[in-house]
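S.K.: Since the structure of chain A is provided, determine the placement of chain B on it from the hints.
Take a look at the letters that make up each chain.
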Amino acid sequence: MTALVTFDHATLAYGRRVVLSDLTFEIPEGDFLGLVGPNGAGKTTILRAILGTLDPSAGTVTRRPELRFGYVPQRDQVDYGFPLRVLDVVLMGRYDRVGIGRRPTRADRDRARAALGAVGIAELAKEPLTRLSGGQKQRTLIARALVGEPNLLVLDEPTTGMDLVSTTQILGLVRELHERSGLTVLMVSHALNEIANYVTRIALVQEGSFRIGAVDEIVNERTLSAVYGIPVEVDSFDGHRIVLARRNPPAAKAGDQRGA
Amino acid sequence: MLDAIFLFRDALYGALVIALVCSALGVYVVLRRIVFVGASLAQMSTLGIAASFWLAGVGIGGAATSNPVILSLLATLLGVVFFSTGMKRARVPADARIGVAYVVAGALAILFIAKAAAGEAHDIFLQGNILGITRADWLVLLAVSVPVLLLHVVFYKEFLFISFDQETARALGYRVERWTLLLYLTIGLSIAFAMQFAGLMLVFNFLVLPAVTGLLLARGMSGVFSWAIGTGLAAAVIGFSLSIPFDLPTGPTIVAVSGLLVILAWMVQRIRER
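Chain order of the listed sequences is A and B.
All the letters of the first sequence, read from the start, carry residue numbers 1 to 260 under the working numbering.
All the letters of the second sequence, read from the start, carry residue numbers 1 to 274 under the working numbering.
Heads up, a few of these hints could be off.
[Unchecked claim] Derived list of chain A stretches under chain B, where covered just means 3 residues or more per stretch with a C-beta under 8 Å from a C-beta of chain B:
| # | region |
| --- | --- |
| 1 | 73 to 80 |
| 2 | 114 to 128 |
[As the list claims (entries may be wrong)] For each label pair, taking beta carbons as the anchor points, the in silico distance ranges come out as:
| # | chain 1 | residue 1 | chain 2 | residue 2 | range |
| --- | --- | --- | --- | --- | --- |
| 3 | B | Val81 | A | Glu66 | 17 to 25 Å |
| 4 | A | Gly81 | B | Arg135 | 34 to 42 Å |
| 5 | B | Ser226 | A | Gly229 | 57 to 65 Å |
What the hints contain is simulated information worked out from the structure, not anything from laboratory work.
Backbone N, C-alpha and C fix where the C-beta goes; we use that ideal spot for every residue, glycine too.
With the rest of the complex left out, here is chain A (with noise of 0.2 Å):
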């Protein structure tokens, strides 16, 4: 299987301020990776050496050439304020293919609705992009990504903010359009109970640190509670990953605060 995206030994930095060095892994075709962190730990700088807006201060980070990509940016990341229906927000996946000056065409708006069609929104083509929920108006992002035909699905923090609801259904979604199509999807998380669950691989990024495996090697109580540096629990319940890290007893809790 080729790489999409290979770091070797790749140092990440913004000026002097070093985030991650030695990078060495790839992004296999058919992958479904989870790169998973906390606020601040380094995985949007991970994010934009492979989208490639951000070049590695040493070693090297390669993408296949005519890799595409569908991104999926942060909720916030977009303007609600634009009068903009859904098929206008979804045609933008297509700007770049329809080249700079020009419009784009009626299969360019096939194409679109047939995206909105695959995210299952098929129906709210014509509807403003502000009267949607925040479900609806993610998978008016995801229909957007994969209007572009990629070759790689990148989302990035795709549940902050939803209900449980809106998140089990937005992660399967992502699920099924890998399983449909084998198409290769890298998902930003800081949410590891969510993630963990949904796909094949993790990349753990933590305090400098970087650790990229199969689920099993990553989600394991060894492996987590060396990472975040606390006793963490692994549990299962009816084949679904529950990490939790483990409470202090109630008596150190209280000689903590005796001695605070």
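M.R.: Only chain B this time, still in chain A's reference frame:
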């Protein structure tokens, strides 16, 4: 009344050209939440005009200060580069930088005018002198505005994309900083030329109020542009027509009409929502 308006027809044409270009570009100013960037650019343009008067008064600059548009344009373009490229990298919040530019440019403009030869007479240029627009003036305005508007028609989807969702545009290979600079340049260019005749208040009015009216009335981008341009032109015509027979200052009358249109649009929107 029509005779009086006919007498000032060149001024009306000038006002209409300014209304047209500023109302159209104002849609981006309002949607991108850079209203105060617009105000600061207009203020910097004022600074350029004032500096021209002062320099010309003390005999410095020669041809560069004989026509205020040169320094006005230069000051505005400096502001464009400052606002379009430096905002994200700065430690100081963007709105604070805009505030600094606005107040410093305003104060310097007043100081330059105070020390300019016949400074009081030049105040009219800071407030605008829409009735003083000649045929040559509005033809110059048109020569600047038509290419700017054409650029916006051709690159509509690019300006829309980088305004709506920069991160995705960047991920799809758009050079967002360059497009942003081009967008700001068109806004700055229009402001610098409009400022020569319309003054700070009227330019700021056309950059903001028609776009707000458009956003209140329309449900899609093309509708917003149409309403913004339509109400901007309407405010110019109505305000102009009222100011002459009632002996009112033209700029503030146009602004008052624009404000009235915003209130009407707001009422229409409230009725629709019920």
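S.K.: Next step is simple, just say for each hint if it's right about the structure.
M.R.: Consistency of the hints with the structure:
With a threshold of 8 Å between beta carbons, the proposed coverage of the region 73 to 80 of chain A by chain B holds, since 5 of its residues qualify and at least three are required. Coverage of the region 114 to 128 of chain A by chain B is violated. Counting CB-CB distances below 8 Å, 1 residues qualify, and the rule asks for three or more. The hinted window of 17 to 25 Å between B/Val81 and A/Glu66 is violated, with their beta carbons roughly 35 Å apart. Between A/Gly81 and B/Arg135, the C-beta spacing of about 40 Å keeps the proposed range 34 to 42 Å intact.
For B/Ser226 paired with A/Gly229, a C-beta distance near 59 Å keeps the hint of 57 to 65 Å intact.
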